[in-house]
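Participant: One letter stands for each residue in the lines below.
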Amino acid sequence: MADLKPEELIARTDFTPPRTGWMDTPTVIREGMFCYAAKPKSVATLGLPYPREWNPLDDDWKLPENWKEIIIEGMKDRLERFRTFKIFMDICVRCGACADKCHFFIGTGDPKNMPVVRAELLRSVYRNEFTKAGKILGKIAGARELTLDVLKEWWYYFFQCSECRRCSVFCPYGIDTAEITMMGRELLNLLGLNIDWIATPVANCYMTGNHMGIQPQAFVDMLDFFADEIEDTTGVRVHPTYNKKGADILFTTPSGDVFGDPGTYTAMGYMILFHYLKVKYGLDVTWSTFNSEGGNFGLFTSNEVMKRLNIKMYAEAKRLGVKWILGGECGHMWRAITQYMDTMNGPADFLEEPVNPITGTKFENAKSTKMVHIVEFTADLIKHNKLELDPSRNDNLKVTFHDSCNPARGMGMLDEPRYVIKKVCKHFYEMPRNCIREQTFCCGSGSGLNASEDMELRLSGGLPRANAVKYVQEKHGVNMLACICAIDRAVLPPLMGYWVPEVDVTGIHELVTNALIIPGEKEKTVNLRGEDILNKDEVGPEEYYTRPDFSGR
Amino acid sequence: MNEKYLYSLIAVIALFLVAYAGVEAAGLQWLFGIIIPYLAIITFIVGFVVRVKDWACSPVPFAIPTTCGQQESLPWIKPSKIDNPFSTGGVIIRMALEILLFRSLFRNTTCKINEGPRISYVWEKWLWLFSLAFHYSFLVVVVRHLRFFLEHVPVCFQILDKIDGFLQIGLPGVMLSGVVLLAAAIFLLLRRILISQVRYFSLAADFFPLFLIIGIAVSGIMMRYFTKVDIVGVKELTMGIVTFRPHIPDGIGAIFYVHVFFVSVLLAYFPFSKLMHLGGVFLSPTRNLRCNTRAHRHINPWNPKVKVHTYAEYEDDFREKMIGAGLPVEKEL
Ligand code: HEM
Ligand code: SF4
Ligand code: SF4
Chain C
1 MADLKPEELI
11 ARTDFTPPRT
21 GWMDTPTVIR
31 EGMFCYAAKP
41 KSVATLGLPY
51 PREWNPLDDD
61 WKLPENWKEI
71 IIEGMKDRLE
81 RFRTFKIFMD
91 ICVRCGACAD
101 KCHFFIGTGD
111 PKNMPVVRAE
121 LLRSVYRNEF
131 TKAGKILGKI
141 AGARELTLDV
151 LKEWWYYFFQ
161 CSECRRCSVF
171 CPYGIDTAEI
181 TMMGRELLNL
191 LGLNIDWIAT
201 PVANCYMTGN
211 HMGIQPQAFV
221 DMLDFFADEI
231 EDTTGVRVHP
241 TYNKKGADIL
251 FTTPSGDVFG
261 DPGTYTAMGY
271 MILFHYLKVK
281 YGLDVTWSTF
291 NSEGGNFGLF
301 TSNEVMKRLN
311 IKMYAEAKRL
321 GVKWILGGEC
331 GHMWRAITQY
341 MDTMNGPADF
351 LEEPVNPITG
361 TKFENAKSTK
371 MVHIVEFTAD
381 LIKHNKLELD
391 PSRNDNLKVT
401 FHDSCNPARG
411 MGMLDEPRYV
421 IKKVCKHFYE
431 MPRNCIREQT
441 FCCGSGSGLN
451 ASEDMELRLS
461 GGLPRANAVK
471 YVQEKHGVNM
481 LACICAIDRA
491 VLPPLMGYWV
501 PEVDVTGIHE
511 LVTNALIIPG
521 EKEKTVNLRG
531 EDILNKDEVG
541 PEEYYTRPDF
551 SGR
Chain R
1001 MNEKYLYSLI
1011 AVIALFLVAY
1021 AGVEAAGLQW
1031 LFGIIIPYLA
1041 IITFIVGFVV
1051 RVKDWACSPV
1061 PFAIPTTCGQ
1071 QESLPWIKPS
1081 KIDNPFSTGG
1091 VIIRMALEIL
1101 LFRSLFRNTT
1111 CKINEGPRIS
1121 YVWEKWLWLF
1131 SLAFHYSFLV
1141 VVVRHLRFFL
1151 EHVPVCFQIL
1161 DKIDGFLQIG
1171 LPGVMLSGVV
1181 LLAAAIFLLL
1191 RRILISQVRY
1201 FSLAADFFPL
1211 FLIIGIAVSG
1221 IMMRYFTKVD
1231 IVGVKELTMG
1241 IVTFRPHIPD
1251 GIGAIFYVHV
1261 FFVSVLLAYF
1271 PFSKLMHLGG
1281 VFLSPTRNLR
1291 CNTRAHRHIN
1301 PWNPKVKVHT
1311 YAEYEDDFRE
1321 KMIGAGLPVE
1331 KEL
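Residue numbers (my numbering), protein chains in the order written: chain C, 1 to 553; chain R, 1001 to 1333.
Hints are computed from structural coordinates only; laboratory data are not their basis. Do not rely on the hints blindly, as some may be mistaken.
Okay, the calculated bits of chain R under chain C, using three or more residues with CB under 8 Å as the criterion [claimed, not checked]:
1. 1141-1155
2. 1176-1184
When the alpha-carbon atoms are kept at most 27 Å apart in a straight line, the in silico DSSO-like pairs for lysine-lysine are as follows [stated by the list, open to error]:
3. R/1078 with C/426
4. C/152 with C/135
5. R/1078 with C/422
6. C/132 with R/1112
7. R/1235 with R/1053
8. C/383 with C/318
9. R/1162 with C/323
10. C/323 with C/278
11. C/362 with R/1331
12. C/5 with R/1331
13. C/244 with C/280
14. C/135 with R/1053
15. C/245 with R/1081
16. C/426 with C/367
17. R/1053 with C/318
18. C/152 with C/244
19. R/1078 with C/423
20. C/76 with R/1078
21. C/245 with R/1053
22. R/1112 with C/475
Glycine included, each C-beta is placed from N, C-alpha and C at the ideal position.
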């Protein structure tokens, strides 16, 4: 991909569809646009069917003899279990309102990436097998036989959808192509046709507690290493606790932030915040090595696998006897928590309805899941003046905010992150309205597509997001893209590097702790990244060094 | 590519010929005026009910509304009560706006890649506008037809007629609804044929109802303004149908039977086609559920039992290493 320049990539993007209809245009599986096949070991770890070595580029996918029957049975079963699936198969009028809403269509120009066509790939087989019109009229009614080529086409395009739900915002019936993709992936998993970038993290998470497969002792080592780094830049030693019974709160966040830059700075941010809350207010937050993953790649596999991974959160909270759970910055993790967790693994009646012990705020909106988002938590602390902040320490940054798909369209957390950013940074600029909030564009790598072998797909799909960042870069000199998702923190840096060089990526809690005045800290000259904190504005430090008001305690 | 609309167009022309010839040449008035309409109405009602019942009886395992605005969270953050409805009231307003005003479609934009590259998104109001015009004129036309089936026309329908005919052009006065319906249906058709993207994913099943509705509108307009159908005779026939004493009065032109045949085909076709979006839109789980899943547990009727990897098993796997790292364990070595 590095050999294809941005201008060349964009030049290939042409919205004119081919002359032949989509059913008559064969799909060619192309290098750079797909992720490698699931390794048999990972599929077997979860006891999922048909683990084997196979290669998407081979003619022979080593399918079981009766693969077709398995798929048709699987469809029937899901049509009976999911109203969404049934209705979305039946009522699309092909108005096309969703067509150019998909970042993968915009970035690749491939008409099979229009959400409506992506859904038709499956719908055509549905008509053929389950509707009278399809059975009688065949192709005229938009029906087609399930063949090996059709199956391969499904695989190719259901792993070119990041389940971002942008299309569903615009559909007059709310048809959610992400849901159709999820059904498609469940069906493919019945034949062992997962991608490795999903299957292996899932297996790791199942056995070691996190996607990265970090074992408990290594997890502790990594956080200790962060504590050293924090001591170097701030002069303060933080002491995270692990698997601590009787702590107030269990904290869980994606392991990606423990693993790679710039997510690591966000992880350090959490550690500093918890240290601060411990010394100032005596709040006891513990990390868990068993529940060391907030993310859930099971969501990209099947609802059952999602449940099998998610169950650890409540199990660990129960074992440790905490009051409630605090969740870190992550996108799909919050879709799973908001829309699936309580249904799957609740009710969590062994936990307390979450209350912020420092401010007294009751998190009414989370009274059943008993799980609070750290940005809600921090926003509440800031609102009640419980954090001493010096936003001028972020004066070197001109920040914009990328709404991650899942917190935006599967939760609606839009204003909390903006509130926090504005309280800790003085320079904040929004991207254009059609690219943020509920209309936000995906990073291009969501839903387990953040591998390296599909870089061309990721860079194409990330184009709309990158383009909007470029707009604020040119207009306002933005140099920092803030986000609340660990996958974003892993995938946006290469995306920015490709389309919008000079823009860096950060989590919100990195910004928060840059600004946070930690008791006993040395005079700060550099931030967590070791960068100089330059050109403080005229606002004198006194204004920010005023002690917060304690009256709320 | 054009085979799709050709098939549909040919099908509608064939339907026209069948009805026209059937009445003019074979004198099958009772077939096209009585039997087929009865069968069509039965198919429509039974088909519609079966379809909706089938949807309504299928479980909703997860509450997955698409949240299109700020969630209900901290007391000082203003929630978006309609686009991210926490309460039932909010859901009702959200659904009403969807159904009455096609709110999601109103958000429509078109995307363009310009020099630079600079991607632009421009508000696309035409699909929304013409869809709305199409559906409302269709509704008005349907309601106005009630005068053929009721002995006394209720006052509100008479008022509707007045509004509809306010232009007062010619004799008989032009009814706006029919003209708007035809214009909007032609717009939707042209859009499908001329915009290459839309043409690409359109099926024969998308053109067929449009041609059919255009056929209905054209035959209706013909009767009203050109061939001047015998209204008294028509009312005699329609009243016969609703009072279950069907009979065929003399002197009604063939074009009327064509019109009725088209409508019958539309009715019978309805439950088996995408036109069922009429029923489906009410049941769509991404729109009609409350966005309060963190505060109230949604129940999955088939919540599966799954195999899990427990903490105890995990500790068994890593006990030594955990103790080595100073982590607390449940069972010592
Ligand atoms: C109330 C009874 C309804 C009837 C009889 C009806 C009928 C139709 C028909 C016949 C079409 C075909 C147009 C085509 O094929 O292009 C259509 C299309 C459409 N309908 Fe409805 N509909 C109804 C309700 C709704 C509602 C409640 C909505 C909105 C939520 C809606 C939104 C649409 C849209 C967006 C199209 C697509 C236009 C196109 O195909 O270009 N309809 N409807
Ligand atoms: S917007 Fe909805 S109804 Fe229209 S084509 Fe897309 S999925 Fe179908
Ligand atoms: S969910 Fe997102 S990626 Fe998938 S089809 Fe819709 S817009 Fe495209």
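Participant: Next step is simple, just say for each hint if it's right about the structure.
Facilitator: Against the structure, the hints:
no. : hint               : result
1   : 1141-1155          : violated (count 0)
2   : 1176-1184          : violated (count 0)
3   : R/1078 with C/426  : holds, 23 Å
4   : C/152 with C/135   : holds, 23 Å
5   : R/1078 with C/422  : holds, 17 Å
6   : C/132 with R/1112  : violated, 39 Å
7   : R/1235 with R/1053 : violated, 34 Å
8   : C/383 with C/318   : violated, 30 Å
9   : R/1162 with C/323  : violated, 67 Å
10  : C/323 with C/278   : holds, 16 Å
11  : C/362 with R/1331  : violated, 37 Å
12  : C/5 with R/1331    : violated, 57 Å
13  : C/244 with C/280   : holds, 20 Å
14  : C/135 with R/1053  : holds, 22 Å
15  : C/245 with R/1081  : violated, 40 Å
16  : C/426 with C/367   : violated, 34 Å
17  : R/1053 with C/318  : violated, 42 Å
18  : C/152 with C/244   : violated, 48 Å
19  : R/1078 with C/423  : holds, 18 Å
20  : C/76 with R/1078   : violated, 43 Å
21  : C/245 with R/1053  : violated, 51 Å
22  : R/1112 with C/475  : holds, 20 Å
Violated hints, in rising order: 1, 2, 6, 7, 8, 9, 11, 12, 15, 16, 17, 18, 20 and 21; the structure is consistent with all others.
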